[in-house]
Amino acid sequence: MMQQLLRVISTITIMTSLLLAGDLRVNIINGTSNTPGQADRVVLMDISTGMTEIDAITNANGSVTFRNLKAERDNRFLIQGYVGGVTYSSVFAPTAGVTAWETSITVYDHQDEVTDLTVTVPYFVIYAFEDRLYIQKRLIFENKSNPPVTFSKTPGLIKVHIPEDVLQLDYLTFKSETMPLRTQAIKTDNGQVLPNALKPGISEVDIAYYLPYESGSAVVTEKIRYDIDHFHVYTMPLSLNISSPGLSREGTDNENGLAIYAINQVSAGTNMQIQVSGQGMAENQEHEHEQQQNDGRIVVEHRLPTSTKLVLSGVLIMLIFLALFISITQQTSDLKQESVDMLKRQKQALLFEYSKATNSKVDQVVQDKILHQLVSVYKTLDRIK
Numbered sequence: 075m076m077q078q079l080l081r082v083i084s085t086i087t088i089m090t091s092l093l094l095a096g097d098l099r100v101n102i103i104n105g106t107s108n109t110p111g112q113a114d115r116v117v118l119m120d121i122s123t124g125m126t127e128i129d130a131i132t133n134a135n136g137s138v139t140f141r142n143l144k145a146e147r148d149n150r151f152l153i154q155g156y157v158g159g160v161t162y163s164s165v166f167a168p169t170a171g172v173t174a175w176e177t178s179i180t181v182y183d184h185q186d187e188v189t190d191l192t193v194t195v196p197y198f199v200i201y202a203f204e205d206r207l208y209i210q211k212r213l214i215f216e217n218k219s220n221p222p223v224t225f226s227k228t229p230g231l232i233k234v235h236i237p238e239d240v241l242q243l244d245y246l247t248f249k250s251e252t253m254p255l256r257t258q259a260i261k262t263d264n265g266q267v268l269p270n271a272l273k274p275g276i277s278e279v280d281i282a283y284y285l286p287y288e289s290g291s292a293v294v295t296e297k298i299r300y301d302i303d304h305f306h307v308y309t310m311p312l313s314l315n316i317s318s319p320g321l322s323r324e325g326t327d328n329e330n331g332l333a334i335y336a337i338n339q340v341s342a343g344t345n346m347q348i349q350v351s352g353q354g355m356a357e358n359q360e361h362e363h364e365q366q367q368n369d370g371r372i373v374v375e376h377r378l379p380t381s382t383k384l385v386l387s388g389v390l391i392m393l394i395f396l397a398l399f400i401s402i403t404q405q406t407s408d409l410k411q412e413s414v415d416m417l418k419r420q421k422q423a424l425l426f427e428y429s430k431a432t433n434s435k436v437d438q439v440v441q442d443k444i445l446h447q448l449v450s451v452y453k454t455l456d457r458i459k
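Each position in the sequence shown, counted from 1, maps to that position plus 74 in my numbering.
Hints are supplied without guarantee of correctness; some may be wrong.
DSSO-like mimics (lysine-lysine), calculated; alpha carbons at most 30 Å apart, straight line [unchecked claim]:
#, residue 1, residue 2
1, Lys227, Lys211
2, Lys261, Lys227
3, Lys218, Lys249
4, Lys249, Lys211
5, Lys211, Lys261
6, Lys297, Lys227
7, Lys297, Lys261
8, Lys249, Lys261
9, Lys218, Lys261
10, Lys418, Lys227
11, Lys249, Lys297
12, Lys227, Lys249
13, Lys144, Lys211
14, Lys144, Lys218
15, Lys249, Lys418
Bear in mind the hints are in silico, worked out from the structure with no lab data behind them.
Work the whole structure out from these sequences, hints included.
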């Protein structure tokens, strides 16, 4: 009798832990005035099933309630509130054993004039291949408005620069809150802008593209759209030479194999022209690089040491798969950190191999191969962070 009762209790416990059902109340908070807020539309999506829309409520005032929400124990839900064309997001995880949940989403008043904005450029990296340059840069925007408001204007107010002679735009993403999203540059009479809004706090813009590099020489142009206190330029390989008025060699990042250049107090409207010269990676290595970006496969040079081949073929395939095909919002923090740690270990292994190859004067093709793999690691590490 007691065993049967225990089995029944166990069954009920398992069922209730696997399947939850209840009402979800979402309070809308106006972060500008610290009062109940309004939203044109509030949407509830299931992250664990590929961002499936479950329900939507329009003309929300103060709060909304999603009735009879069914979820498994590990489900995660994304709540999005739309206000004047701007999307605000919040993630919700249901608690087991509860049939009525409550969470909140914060929205802000909008302002079409930018004030109290700080812009920094943590990196501007130039990678040289045989016939093209790969440029990778990040801009950090910090909206310090007080009281906090969202800067929003049509067609856009985030100023960026993408040169006219771009061979291929690799990616252009905007990140506010959790997940970077693809965006596009819009040409206006005052230059290129992004349509995204700048919410209170920090937003990131990541841009990467290819430029022509013929006969080991090219000029990279960068129009600075904001006042920048300290502008860093990094180059790879170390043998690459760059020069520009006001730009000076600041040092070497031995850990990452990068040369560091810097220029101070760059004013908005400055047109930087960076003269680049030196030998880039072999053309066949660049073709392999493009193939890897397209199909996710890693092409390993047979002359690389066995330990390096194993690390490249095993670790990098998994990491690139995680970084490029899994939404950051779907990863647990532990999995994400584990991926970052593995990438860093892979970077160290490649830098060690590159150091050995350079010191022992190994064939240039082998050195280029290792540098090429380093570029892939850096790009993957940057995307997964």
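Here's how the hints hold up against the structure:
1. Distance restraint check for Lys227 and Lys211: the Cα-Cα separation of roughly 24 Å lies within the 30 Å cut-off, and the hinted pair is therefore satisfied.
2. At most 30 Å may separate the alpha-carbon atoms for a hinted pair to count; Lys261 and Lys227 meet this at roughly 14 Å.
3. Of the supplied pair hints, the one linking Lys218 and Lys249 holds, its CA atoms being roughly 17 Å apart against a limit of 30 Å.
4. Taking the CA atoms of Lys249 and Lys211, the gap is near 14 Å; set against the 30 Å cutoff, the hint holds.
5. Under the criterion of a C-alpha separation no larger than 30 Å, the hint pairing Lys211 with Lys261 is consistent with the structure, at around 19 Å.
6. Distance hint between Lys297 and Lys227 is fulfilled; the C-alpha atoms sit about 22 Å from each other, no more than 30 Å.
7. Our distance criterion of 30 Å between C-alpha atoms is met by Lys297 and Lys261, whose separation comes to about 14 Å.
8. A hinted pair counts as satisfied when its Cα atoms are at most 30 Å apart, and Lys249 with Lys261 qualifies at roughly 21 Å.
9. Straight-line distance between C-alpha atoms of Lys218 and Lys261 comes to about 27 Å, which keeps the hinted pair within the 30 Å bound.
10. For the given pair, Lys418 sits about 40 Å from Lys227 by alpha-carbon distance, which is inconsistent with the 30 Å threshold.
11. Restraint check for Lys249 and Lys297: satisfied, since their Cα atoms lie roughly 22 Å apart, inside the 30 Å limit.
12. Simply put, Lys227 and Lys249 have alpha-carbon atoms about 18 Å apart, close enough for the 30 Å limit, and the pair holds.
13. The hinted pair formed by Lys144 and Lys211 fails the criterion: a straight-line CA distance of about 43 Å is larger than 30 Å.
14. A C-alpha spacing of about 39 Å is found between Lys144 and Lys218, which places the hinted pair above 30 Å, so the restraint is violated.
15. Restraint check for Lys249 and Lys418: the C-alpha separation of about 23 Å stays at or below 30 Å, so the hint holds.
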